[in-house]
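Asks: Chain order of the listed sequences is A and B.
No gaps in the numbering here: position 487 of the first sequence is 486 in numbering that gives the first Met the number 0, and each next residue is one more.
No gaps in the numbering here: position 110 of the second sequence is 109 in numbering that gives the first Met the number 0, and each next residue is one more.
Treat the hints with care, since some could be wrong.
As the list claims (entries may be wrong) - Reference excerpt, derived from the structure (chain B facing chain A, CB under 7 Å, subset only): (1) 11; (2) 12; (3) 17; (4) 96; (5) 119.
What the hints assert, rightly or not - DMTMM-like cross-link-like pairs, simulated, lysine to aspartate or glutamate; straight-line CA separation at most 25 Å: (6) B:13 x A:343; (7) A:397 x B:100; (8) A:481 x A:368; (9) B:13 x A:368; (10) A:406 x B:100.
Claimed, not checked - Covered stretches of chain B, going by a simulated chain A footprint (3 or more residues, C-beta under 8 Å): (11) 97 to 104; (12) 121 to 129.
Derived from the structure by calculation, the hints contain no laboratory data.
Heads up, the beta-carbon is just placed ideally off N, CA and C, and yes, glycines get one too.
Listed below are the residues making up each chain.
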Amino acid sequence: MIPNPFKLYGLKRKFGFVFATLTLLTTLFLTIVLYWNIRIEVRENLREHLQHIVDLATLILDADDHATLRTRDDIGNAAYERIKATFQRILKKANNTTYVYSMRQNDKGEIEFVIVVGNEAVPNASTGLLLGDVYENPGPIIVPVFSTFEQPMVAKDFNTDKWGTWLSGFAPIKTSDGSRDGVLGVDIAASEVIKQEQQILWVALTVFILIAPFASAVGWWLGCRLAAPILSLTEGANRISRGEFDQRVTVTSKDETFELAMAFNKMTEHLSETLKNLHNEIDMRRLAEDEVRQFNQKLEMRVTDRTRELELANREMEAFTYAVAHDLRAPLRTIHGFSEVLLEDYKDVLDDEGRLFLGYLQEGSREMDDLIEGLLRLASSTRGNIASQEVDLSAVVKGVADELKRKEPDRQLTIHIAPRQTCRADPKLIKVVMENLLGNAWKYTSGKADAFIEFGSCCEDGQSAFFVRDNGVGFDMAFSDKLFLPFHRLHQPEEFSGSGIGLATVQWLIHRHGGAVWAKSVVGEGSVFYFTLGKSD
Amino acid sequence: MKEQPILLVEDNPKDVILTLRALNKSNLVNEIVVARNGIEALDYLFATGKYAGRNVNELPAVVLLDLKLPKVDGFEVLRRIRADVRTRLLPVVVITSSSEEKDLNACYELGANNYITKPVAFSDFSTVISSIGCYWTLTTDHPQKMEHSELGSCIE
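Using the sequences and the hints given, assemble the complete structure.
Replies: Have a look at this one:
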């Protein structure tokens with residue numbers, strides 16, 4: 000597709016071009032109108048001139064002489080010569096005329112010539128027409144009115160006959176007695192008229208050609224002048240787009256473009272001010288950002304330091320728990336082992352009380368072992384990373400319950416586990432949680448005949464939580480705040496054995512998962528332990 | 000045929016007494032050699048130091064190895080046993096107080112045949128010691144052909 004070339008030009012060119020074309024067209028139009036008017040005027044003048052000649056001719060023509068010329072024999076007589084001389088005089092006096100002649104209607108109604116005189120100055124003006132020659136095809140102007148018109152007249156338009164095209168004037172020839180003898184005709188050649196008109200045309204064209212460049216220039220200049228304010232605005236906008244906000248647009252005209260320029264300048268000023276404010280704001284923010292960055296760096300360094308310290312502490316803790324695991328148990332084993340040896344090898348030497356005390360010794364060391372085991376679990380629950388994944392909690396609970404049943408197959412109790420309970424948690428750690436919670440439920444329902452343990456999920460206090468419910472001995476809610484503290488027990492050791500670390504471990508693990516654990520209970524009726532698991536990864 | 004000895008590597012003298020008592024109770028006739036630390040254990044196995052002159056080809060039926068030992072610890076002993084072509088296939092049972100998963104994994108990675116946590120209760124300890132002593136002395140030559148009935152009778 001060929002692009003419109005006009006679109007490629009700037010506004011100045013477009014305006015210039017349009018205005019130049021307009022002025023040129025206007026000039027051309029005016030020239031044509033002028034030419035046309037002058038042409039009409041000239042033709043009218045010519046007709047008037049012809050009218051005068053005809054008037055004059057009628058006056059000086061001797062109509063009575065004319066009436067005597069009837070046959071060819073009259074050619075050359077005195078009257079004929081007089082009239083011929085009169086015609087020649089007229090031709091001489093009147094410029095531009097080609098023929099002066101007289102006609103009359105014969106008995107057959109035909110128009111025939113009487114005397115025809117051609118202008119000697121015009122070449123080939125002689126027609127050779129003689130008295131009595133019939134005027135063939137005289138044209139539509141004279142024929143209808145030949146015998147009727149009374150006053151001299153000039154034809155409105157050109158008339159064409161076998162000798163040429165003419166502008167003709169006619170007048171009736173009247174004798175002294177008032178009768179009508181014929182018609183006098185004066186012809187001006189059409190070529191003469193056209194020649195004059197052409198002269199006018201040439202003058203008009205010359206004038207137009209002389210004026211045209213000037214008119215175009217004026218049009219162009221006008222167009223450019225009109226485009227100037229817009230160009231000035233464009234230039235201003237360009238400068239602003241380059242970031243020169245101090246520039247202002249100057250428009251001298253007092254029209255809408257001036258208002259536009261003023262509005263534009265105002266806008267630029269606003270823009271400049273806003274930009275300045277913006278720069279200030281950016282500087283301030285950059286400063287603040289730097290401060291924040293520095294602060295963050297410091298903070299990061301501190302975090303790194305703390306992390307290193309923590310890692311060190313963790314390693315020490317690990318070493319410590321390892322020592323506890325290994326070294327604390329050895330003496331216990333010694334106590335337990337040798338009291339067993341005593342009971343086996345020296346039971347005859349000991350009395351009942353001695354054997355009872357040895358039994359206490361063994362029991363004490365066993366409890367101590369449990370305590371160590373619990374402490375180790377608590378310690379291991381506080382370190383290491385949590386590797387969360389999708390866990391089938393129902394399956395975990397089932398595994399724990401099966402293990403409990405395997406250890407004490409004689410216990411009569413119902414365990415209900417809700418199916419398809421899943422969560423995101425560390426599988427190993429969540430197992431420890433379930434072992435502790437179910438282990439507790441198992442332990443504290445031991446005295447019940449219709450013991451019942453239930454695992455499931457519910458909506459508690461507005462949030463979805465898992466729960467382990469039992470119908471065991473329960474606890475006094477007044478002490479519920481001590482429930483999760485390590486080494487705090489709400490029951491006498493004679494009633495229920497335990498280290499007092501299980502629930503502390505549960506709380507540790509749940510907190511490390513980003514969750515919460517809490518309990519509700521009624522003494523003698525049972526307890527419910529709820530827990531949630533946050534989004535921890 | 001002379002029974003192969005059992006090598007007990009244990010630094011705690013009281014544990015040594017209890018272990019020996021448990022092993023004796025299970026009616027094993029094997030000689031029990033006690034090494035009090037890692038170096039002694041390695042000396043015995045490779046016939047060096049105080050055991051120089053011992054026939055290095057007479058390997059014990061099983062090594063009962065404690066992990067926490069003075070001088071050279073249990074891990075190092077196990078590593079050296081597995082590194083030497085003569086003792087590469089020697090059955091080693093780790094008997095330790097540590098129930099740490101980390102230790103357990105490390106031992107199996109080093110090639111321990113078994114890993115036993117010492118129970119505090121003596122009766123349990125006795126049962127465990129007897130059963131492993133019995134198992135490894137009976138199955139030294141053909142570990143895969145061990146019959147459960149034999150093991151059962153041994154424990155009783």
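Asks: Could you check the structure against the hints above and give me the numbers of any it violates, in ascending order?
Replies: Hint check: 2 fails alone, others pass.
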